[in-house]
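J.: Here the protein sequences line up with chains A and B, keeping their order. One point on numbering: in the working numbering, the residue at position 259 of the first sequence is 259, and numbering is uninterrupted. One point on numbering: in the working numbering, the residue at position 228 of the second sequence is 1228, and numbering is uninterrupted.
Treat the hints with caution; some may be incorrect.
[Claimed, not checked] Think about it this way: if two alpha-carbon atoms lie no more than 30 Å apart in a straight line, the pair counts; the simulated DSS-like pairs of lysine-lysine are: (1) Lys1190(B) - Lys334(A); (2) Lys1190(B) - Lys227(A); (3) Lys681(A) - Lys557(A); (4) Lys495(A) - Lys433(A).
It is worth saying that the hints were derived from the structure and are not from the lab.
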Amino acid sequence: MTDFLLELRCEEIPARMQKGARADLEKLFRAQMEASGVALSDVTVWSTPRRLALVAKGLPQQTQAVSEEAKGPPEGAPDQAIDGFCRKNGVTRDQLELRDVKGRATWFAVIERPGKAVSDVLAEAIPAIIRSFPWPKSMRWGAASLSTESLRWVRPLSGIVAILGDQLVECEIDGVTSGFATLGHRFHHSGPITIGGADDYAEKLRACHVIVDHAEREALIRTGAGKAAADAGLTLVEDEGLVVENAGLTEWPVPLLGRFEEDFLEVPPETIQLTARVNQKYFVCEQGGQLANAFICTANIDAADGGAAIVDGNRKVLAARLSDARFFWDVDRKKTLAEHAKGLERITFHEKLGTVADKVERVANLAEWLASEGIVPDCDPALARQAAELCKADLVTEMVGEFPELQGLMGGYYARAEGSPDAVADAIRDHYKPVGQSDDVPTAPVTVAVALADKLDTLGSFFAIDQRPTGSKDPFALRRAAISAILLLVENRIKVNLRAVLARSTSAIITPKSIKNFDFENFETDADRANNLIEKVEHRLLEVGDEALDFFADRLKVQQREAGVRHDLIDAVFALGGEDDLVRLLDRVHALQAFMGTEDGTNLLAGYKRAANILKKEDWRGIEGEIAHTGEEDPLALVDNPDMKAVVEAKMALRHAKALSYEPEPAEKALIAALDNAEPKARIAVEAEDFSAAMAALASLRAPIDAFFEDVTVNDENQDKRASRLNLLDRFRTAVQRVADFSRIEG
Amino acid sequence: MILALHDFWSANGCLILQPYDMRMGAGTFHPATTLRALGPEPWNAAFVQPCRRPTDGRYGENPNRLQHYYQYQVILKPSPSDLQELYLRSLEVIGIDSLKHDIRFVEDDWESPTLGAWGLGWEVWCDGMEVTQFTYFQQMGGYDCKPVAGELTYGLERLAMYIQGVDNVYDLDFNGRGVSYGDVFLENEKQMSTWNFEVADTDALFDLFRKAVAECQNCLDAKLPIPAYEQAIEASHMFNLLQARGVISVQERASYMGQVRDLARGSCEAYMAKNADAWAEKFPEWSA
């Protein structure tokens, strides 16, 4: 058993790619070793800006010898076939053996693959790994790049260290040959370092100012930055992304704290934090919960002067950035947000949907409507309109031009600075929220109205022009908009018929004007024309509304699944159909989830499945002369004509009331009584949207159904008894089915 | 500083060239970079190139934004294996101590849609300030670079501010005898900013743009890639001036950039066509 070290050295690897590169190196290495039959246990990968390293412990010296058999053509097959078989397996004809296969003599090749030296395996594997490495972006370089076939790597590849035990694994790729030598820190160490093997690699590098383990550098930065802040009496604003990025930019990280002029603190703190983080990769600090005039940069050297010159240089760069930010802050406030908003007329939102100003107008109308209809409760329609009209104005400010991440946030600041009500400023600030599943969901009424209107307009208008996501393509982020709208509705318990709201949002795009190929000649009078056109518009609105609703349903399923709700329970409620109030729908799902967690729930499900199986096996289609069963599970589900439904229900009730022609057994009688009791209870509870009560009503069926299966023979010889009992099971199934489609539930 | 860089790069095999006598947005536009990056022939050159970016003008009021400034440009084809080391030594030559200052190579890929060019590389940071753009050209004028050239673009004013320890570009000591950068350029910045943003006759600029486009085509028809490329540079600068005057809308912008790109690409294509046979004869492994 022996250890293996691989180091691939190159010019600075982008920090953001290092994590993926480590994973890819391990994956490729494991795949290569597995293909050659080298057993692996412990594999460690490290990265610095200038190297990827891998250490595999406990490799064998030799791979196992293996003997493989291949079945060939039968005896007497044409020579061609047998020769081909030999060629394929690399054996000669006299090495073949004849064996009996089901009474037929058949040629077999036995191929002995001797064990191979692992160092030879590695020597072949290394170039293969390098050539197939999946860098997100790679390049050619140097004299070899005269041809486009030359080696590609993330930046020029400059060296390979490959040592098995204490022996060099000799390999070469495009003029780079493996060796024992590597390089230390770019500035702290000159000349090559000779590595003995996997054992001394990390320590030899450390002696030359390189900490090869990225996790160790990350820890140094995390604690070093925290300590630098604490030493200055400040608290570090933790930022794990920055820790990782700085570790990816340094081989010898040294966090250093510097100060910037206090005057800069007058600009919004988010802009300071952002420019420090994005442009300069600095941490920021707080004092008493407020941003402090300090930054922490991570140097890559132990400077002779303790870092004084470095801190001073970085301070100047940050000062220049901050004076830009202050310049933007001052310039932007010279105009009101309403004046900025005029600039949106010049920005195209989508060629078929007009400018951003047009979108803003639609959002304002919708937000105002959501408020005035009381859909978003306790919301002043005028404030909703005002906030919506200004919500995108910051897109044309200098600050957001420079830092697009600050959209919304800056609008909020500018609105407050010009004296808008807090509700309006907050709504402008937060109307993009929630961004993703885990983001905070706004609750302030004006914010909810604007945020919801913004998302619904995006969804409604893109659906109206037939731009919907396909497969992995979702160029207008409609999936995210739908999830965001769902969270706004559900978290705020906004009970609304989504169909009506979606129709409202698409009606801004689907207008008489938008109807193409309308043949005016076909109609005699203007009134006919108008009526027909309106009909067409309404038809189109319904069509698009249904598509959008289906899309919502799909997103809701995904969102609930991600939130940990069992997908079969979601399906069981969705399968009932016709529901477009998401709050009510989810209440039912959650009640079902709670019920299925109880013993009553699982037993009732078992009873349901048993009943459904019997009905299926007996091909039960109802008592003769009754309404034919149209579906496999629920005879009533497909009767969607409301007039018909009443007739069906009346008939069913009559049928159930019919006196039995025989004396029912006690368990049968008990089930009938339980159903008579539970059916109306469940129905009333569902109507009152009290789904827990509906589940409780179902729970009362559990003992009677269990007893029924225990004591009563369904398939009685007496046809009357058989029919009645099957009918009873059918009734049970239907009652359960009204609450949720239990046939979709697994278990 | 320029002399020190000239000495250094000359000693390392570069031709020392002079600035190109046309207005351009970056040293990369110099034909010694753009056109010479094409084809298989080795090419090593260093030169200063004045750059003009009309929209960056600040009437002399910003400490480090200028509409006219200088770049020091080095191009080495094929890129030598020790290019990073050479570069770091050149910083030492102009007085930057890498054990006192934090020098870093931070990912920054370069792309010039108007030249149909891109490359991978870094911006080089000195104590957090970007002082050089370091690029391995992968494509130029839509053609794969065979072989790849390494390009270094030093921001001369920034480096000088750094070395002299001044916070404002206009305070730079120009000659060590009392003449400042401001004495030489401040009035120029003020007047040029005013002209770029407020005065330039936009009708005339549009006209010049169209004329450059037509003349470029004329040169291409006559199979003269170098004059054609000059017209592409001219059109590019006219476009930049029109941008500064704020008369090109967002929608039109893409169309103008597309026109400039077509000129630059057409020039590169003509340059390749004119030389391809000779190159193929001299470098049998090479193909366009």
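J.: Hints first: check each against the structure and report whether it holds.
T.: Hint-by-hint comparison with the structure:
1. The suggested pairing of Lys1190(B) with Lys334(A) holds, with an alpha-carbon distance near 23 Å, which does not exceed 30 Å.
2. The suggested pairing of Lys1190(B) with Lys227(A) is violated, with an alpha-carbon distance near 47 Å, which exceeds 30 Å.
3. Distance hint between Lys681(A) and Lys557(A) is fulfilled; the C-alpha atoms sit about 29 Å from each other, no more than 30 Å.
4. Annotation: proposed proximity of Lys495(A) to Lys433(A) holds, straight-line Cα distance about 20 Å (limit 30 Å).
Of the numbered hints given earlier, the model fails hint 2 alone.
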